[in-house]
Amino acid sequence: MKELKFLLAVWKANLLSVMEYRISFITQVLGMMLNDFMYFAIWIIFFDRFKDVRGWGVGDMYITYGVLASAFGLVSLFLGNAFTLSEIINNGRLDYYLSLPRPVLLHTVSSRMVSSGMGDFAYGFVSYALSGQYTWDGFLRFILATFLAAVVFASFLILVGSLAFWFGIISNLTNLMVNAMITFGIYPTTLFDNYAKLILFTIIPAALMGAVPAEFIAQFSWLSLAKLLTGAIIFLFLAITIFYTGLKRYESGSAIQIEV
Amino acid sequence: MKSFKKYWSIFRITLINSLAYPGELIGRSLMIIPFMWIFYQLWKITFEAAGVATINGMTLYSTLWYLMMAETIELSRPALARTISENVKDGSIAYILNKPYSFLLYQFSNSMGETIFRALTNALFGSVVVWWLVGPPPAPLGWFFALIALFGTWILNFCITCLIGLSAFLVEDVSPYMWIYQKFVFILGGFLIPLSFYPPWLQTIAKALPFAAMIYGPSQLFVTPSLELFINVLLMQFIWIAILGSTLVFSYNRGVTYLTVNGG
Amino acid sequence: MSAIEVTQLQKTFQTKRKTVGLRGSMRALFKPEYSSIEAVRRLSFQMEAGELLGFIGPNGAGKSTTIKMLTGILHPSGGDAKVLGFVPWKERQKLAYHIGTVFGQRPQLWYHLPAIDTFMLFGKIYEMDDRETKKRIEFLAEAFEMQDLLETPVRKLSLGQRMRCEVAASLLHRPKLLLLDEPSIGLDVVAKQHIRDAIRRMAQEENVGVLLTSHDAGDLEALCRRVIIINHGQIVYEDKVSNLKRKFLTRKMVEVRYAEEVSKDFSISGVEILKIGHYGVKLRFDTTKTSVDAVMSHLSEAGELVDITVSDPPLEDVIAKIYEQAREAENEAGK
Numbered sequence: 004m005k006e007l008k009f010l011l012a013v014w015k016a017n018l019l020s021v022m023e024y025r026i027s028f029i030t031q032v033l034g035m036m037l038n039d040f041m042y043f044a045i046w047i048i049f050f051d052r053f054k055d056v057r058g059w060g061v062g063d064m065y066i067t068y069g070v071l072a073s074a075f076g077l078v079s080l081f082l083g084n085a086f087t088l089s090e091i092i093n094n095g096r097l098d099y100y101l102s103l104p105r106p107v108l109l110h111t112v113s114s115r116m117v118s119s120g121m122g123d124f125a126y127g128f129v130s131y132a133l134s135g136q137y138t139w140d141g142f143l144r145f146i147l148a149t150f151l152a153a154v155v156f157a158s159f160l161i162l163v164g165s166l167a168f169w170f171g172i173i174s175n176l177t178n179l180m181v182n183a184m185i186t187f188g189i190y191p192t193t194l195f196d197n198y199a200k201l202i203l204f205t206i207i208p209a210a211l212m213g214a215v216p217a218e219f220i221a222q223f224s225w226l227s228l229a230k231l232l233t234g235a236i237i238f239l240f241l242a243i244t245i246f247y248t249g250l251k252r253y254e255s256g257s258a259i260q261i262e263v
Numbered sequence: 279m280k281s282f283k284k285y286w287s288i289f290r291i292t293l294i295n296s297l298a299y300p301g302e303l304i305g306r307s308l309m310i311i312p313f314m315w316i317f318y319q320l321w322k323i324t325f326e327a328a329g330v331a332t333i334n335g336m337t338l339y340s341t342l343w344y345l346m347m348a349e350t351i352e353l354s355r356p357a358l359a360r361t362i363s364e365n366v367k368d369g370s371i372a373y374i375l376n377k378p379y380s381f382l383l384y385q386f387s388n389s390m391g392e393t394i395f396r397a398l399t400n401a402l403f404g405s406v407v408v409w410w411l412v413g414p415p416p417a418p419l420g421w422f423f424a425l426i427a428l429f430g431t432w433i434l435n436f437c438i439t440c441l442i443g444l445s446a447f448l449v450e451d452v453s454p455y456m457w458i459y460q461k462f463v464f465i466l467g468g469f470l471i472p473l474s475f476y477p478p479w480l481q482t483i484a485k486a487l488p489f490a491a492m493i494y495g496p497s498q499l500f501v502t503p504s505l506e507l508f509i510n511v512l513l514m515q516f517i518w519i520a521i522l523g524s525t526l527v528f529s530y531n532r533g534v535t536y537l538t539v540n541g542g
Numbered sequence: 039m040s041a042i043e044v045t046q047l048q049k050t051f052q053t054k055r056k057t058v059g060l061r062g063s064m065r066a067l068f069k070p071e072y073s074s075i076e077a078v079r080r081l082s083f084q085m086e087a088g089e090l091l092g093f094i095g096p097n098g099a100g101k102s103t104t105i106k107m108l109t110g111i112l113h114p115s116g117g118d119a120k121v122l123g124f125v126p127w128k129e130r131q132k133l134a135y136h137i138g139t140v141f142g143q144r145p146q147l148w149y150h151l152p153a154i155d156t157f158m159l160f161g162k163i164y165e166m167d168d169r170e171t172k173k174r175i176e177f178l179a180e181a182f183e184m185q186d187l188l189e190t191p192v193r194k195l196s197l198g199q200r201m202r203c204e205v206a207a208s209l210l211h212r213p214k215l216l217l218l219d220e221p222s223i224g225l226d227v228v229a230k231q232h233i234r235d236a237i238r239r240m241a242q243e244e245n246v247g248v249l250l251t252s253h254d255a256g257d258l259e260a261l262c263r264r265v266i267i268i269n270h271g272q273i274v275y276e277d278k279v280s281n282l283k284r285k286f287l288t289r290k291m292v293e294v295r296y297a298e299e300v301s302k303d304f305s306i307s308g309v310e311i312l313k314i315g316h317y318g319v320k321l322r323f324d325t326t327k328t329s330v331d332a333v334m335s336h337l338s339e340a341g342e343l344v345d346i347t348v349s350d351p352p353l354e355d356v357i358a359k360i361y362e363q364a365r366e367a368e369n370e371a372g373k
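Residue numbers (our numbering), protein chains in the order written: chain X, 4 to 263; chain Y, 279 to 542; chain W, 39 to 373.
Excised from the complex, chain X in its bound form (with noise of 0.2 angstroms):
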C-alpha cells in the first residue's frame, strides 16, 4: 500500500532524528536494559524465596517478561507517539497531522521514535535466551507473539490517549496505564480466579501482552493463537473506533481548549 511507503519514510526520518543525539541514544538504550534487568530482579527475588506459583516458575516468567520487553520495544520504536497521544491532543498538535493528506491516526502515532525502546527489544530476546526454554520453533512463535502482543499493547495506548479528546489532560492516567500494563502483564494467569482474568483481559489487557504469549511460545497451541489473534483484532479495532470518535468532537470543537 502506499501507506507502507509513508511510513518508511517516517520511520526513517524518526531514526535520523534521535542518531542526532549520539550520547543520549546510547544512554537511553543501555539504561533500560539495565532498568528492565533490575526490575526483573524483585522476581529474582521472590522465586528464589517462593519457588513457584502454580507451576509457574522464574523459567516462565524470564519468557513472559521477554515478550512484554519485545512488545514494549517494538511501540516505542515504531509508534512512540502512542504514548503521547493524550498530549499531543491537547497541546492543538494534532492539527498539524490533521492538515497533512495522510491517515490521522497512523500519522500521528508513528512519527516518534523511543530511543530506549531499542533497550527494550533487545532486552527481551536476552530475557528468552536466559529462559532455558530456548527451541527454534519458539524463537519464531516468541516473533509472532511479540507482534501481536505489541499491537494489543499499541491499541491500549491509543485507546486510553483518546479519552483526551473527553477527560483533557490524562498524561498522568496514561503513564498509570503503561505501569499497570507492565507490572500485571509479568503476572501469570494460573495466579489469578476469573474474575482476576477478566480484568487481566479487558480493562487492562495485560495478559495479552505477557502470560498469554508466552504460553504460546512455550508450547503452540490453537487456543492460545486464538487468544491473541482475537485480543489483538478487538483492541485495534477499539482503538480506531474511539480514536475516530473522539476526533470528531475535537473537530466540532467541543475538544479542549481553543484559542480564538
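Dumping the calculated SDA-like pairs for lysine to any residue here, alpha-carbon to alpha-carbon at most 20 angstroms:
#1 X:Lys8 with W:Ile163
#2 X:Lys8 with W:Ile154
#3 X:Lys5 with W:Arg169
#4 W:Lys194 with X:Glu23
#5 W:Lys128 with X:Pro104
#6 W:Lys69 with Y:Gly301
#7 W:Lys128 with X:Ile243
#8 X:Lys8 with W:Asp167
#9 X:Lys251 with W:Glu129
#10 W:Lys128 with X:Leu108
#11 X:Lys5 with W:Glu165
#12 W:Lys69 with Y:Leu297
#13 W:Lys128 with X:Pro106
#14 Y:Lys322 with X:Arg52
#15 X:Lys8 with X:Pro106
#16 W:Lys214 with X:Pro104
#17 Y:Lys485 with X:Met41
#18 W:Lys128 with X:Ser255
#19 X:Lys200 with Y:Ile323
#20 X:Lys15 with W:Lys172
#21 W:Lys278 with W:Gln84
#22 X:Lys5 with W:Tyr135
#23 W:Lys194 with X:Ser20
#24 X:Lys54 with Y:Ile333
#25 W:Lys194 with Y:Glu450
#26 W:Lys132 with X:Pro104
#27 X:Lys54 with Y:Thr332
#28 X:Lys15 with W:Gln146
#29 Y:Lys283 with Y:Tyr384
#30 X:Lys54 with Y:Ala331
#31 X:Lys15 with W:Leu151
#32 X:Lys54 with Y:Pro478
#33 Y:Lys367 with X:Arg25
#34 Y:Lys485 with X:Arg52
#35 W:Lys128 with X:Gly249
#36 X:Lys200 with Y:Trp315
#37 W:Lys132 with X:Glu254
#38 X:Lys54 with Y:Ala327
#39 X:Lys200 with Y:Leu308
#40 W:Lys194 with X:Leu19
If you're looking for bench data, these hints aren't it; they were derived computationally from the structure. Being a predicted model, the structure only gives us computed values, none of them experimental.
Given the structure of chain X, go ahead and fit chains Y and W onto it with the hints provided.
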C-alpha cells in the same frame, strides 16, 4: 516567618490546581484498586502454597495493608526530575533565579501541593479495596507513625529526584537515571514485595539505604507499629535527609554558580 | 471559480467557567458551569483564485478559528464554506493535497533534522515522486535563497531562516492555496522583508492564492491587495488596501527644513505643531479641514525650503481607527 508565607501560598496554589482536573485526579487514583486486587491474588496464593499463616512476621492481612501504603506512596510522586531537567535544559532555571524566592523551596512547595491530594485519594481508594479484601485497617498508632514517617519519605524523595533533575547540568538526558532510581526503590525499598520477605543479607543492605526508609519505613510502621521501628526509621530518614539534603544544596549552588559564570 | 467561498459561517464554543479559590474548585468538581463564546458570527466573504487576501484583526477576533474551519480541522456551528471546490470539514484529506499551511506558532519542520529531510518526508506525504521532490527542492532553495540552510539542523537556524524554510515546505507540493497564520511573528525587520518578498514572488510565479492572517499591518501592506478586517467574529471592514489608505488617510504629517533660521509664526488654523526649532518644523493636520495648498503655501513663504518630508499615518493607525469606529458603532447599537 513572612518569607515562609510565600511557600505556603505556592503550596496552596498547586494544591488548588491539582483539583482543576478532577476527572484526572480521581481516574488516576482508581488505578490503585486493580493493583491492590491483583496483589491480593498473588499473595493469597503464595501464602496458601506456603501453607502457613505468617511469613517472616507478616500475615496476608498485614502484607496487603503494607502494600497499600507502599502503593500510595509510590503512586503519588510528582514528576519532579523531568520538570527540573527541562528547566535546566531550556535555561528557564535562570529566570527562576531572578525571583525573590529559593528555587529549592519553591520546587518543594510545588511538588508537595501536587502530592497531597493524590496521596489522599490513593489512600482512600486503596483502603476501601483492601478493607473489603482482608479487613479493617491496622490500629491508629500505625497511622500516626506512618504519617510522620511519610513526611520524611517526601523530603527524601524530593532530595533525590531534585538531584537527578539537576544532573541535567552534566548529562544530556536524565530519564535513564530516574528509571534506575525507581528500580532501586522497587527492589531495595520493599515496594512490590515486603522487605521482611527478603533474604537477610539483602535486608541488611536495603535497610542501610535511603530507599527502605522511604517505602519500607512508613509501610511497615503502618502495619506493625512499634516504637523501636519508629525510632529506627526516623533515624535512617534523618541521616539520609542530612546527607542528601546537603548534597542537594551543594549541587544546586554549584549549578547556579556554573550558570551565572557561563551563561544559559 | 473562487478559491474560497464563505457563507454565513458561524462558530460557537462552550467553555467551562473556571472558579477562583478552593471552595470554587470543589464546587466546579461536581457542578461545572459553562459559558458560550461566539468566536465567529455569520461571516461571509469570497476569495478569487490566485488572489492575495489579508485577514486582519486583534487577538481573539476569530481569525484562527476561521482558518481552522477553512482547513477542515474545525466544524462550524452553522453556515457553509467551499475551499477550492471542497467542503473543508467533509473532505479534509482531499483538500489537504491542494493547500499549504504555515502557522507561525506551529512548526512543520522536524526540529532535530536538517530541513531537507523534512522536505523529502513531505514529498512522501504528498505522494510525490522522489525525483520530482528533489527537483522541486532545488527550485525552492533558489527561490528562497536557502541553499546553505537546507543541510543545517532546523534547531540551529535563526527564526527568520526557519520561517523561510517553513514557507518553502508549504509550497513543496504546488498547492493552489496558501494559508499563512501569523507568519512573521517574532521576526526582525530584515527577516520579515525576506519572507514577504519570497511569498509574493512565489504567489505570482505559480498563481498561488494567499490568505494571510496577521495583526502586523506591514504584512498586509507588503503582500495583500485586498484586506478583510475582522473583530469579534465579524467582518468590520472589507476593501482593497489602496482604498483603505486613501479613505482613512485624512491626516498628513509634514516636516520641513529651511536654509536659514526662521522665526516665522507657524500657527495656521487647523494645524497641529508637533515640533519646532530654529531650522525647521513638523506639523500634522487634517486634510479635510485644512487644505494641503494652504499649508504648503504658508510653509514656503516662511523661507527657502531645503528639505521636506510628507508622510501618511502608518497603516496600524488606520486599522486602529477602524476598530475604534466599529466598537463605537457596536456600543451605539447596544444602547
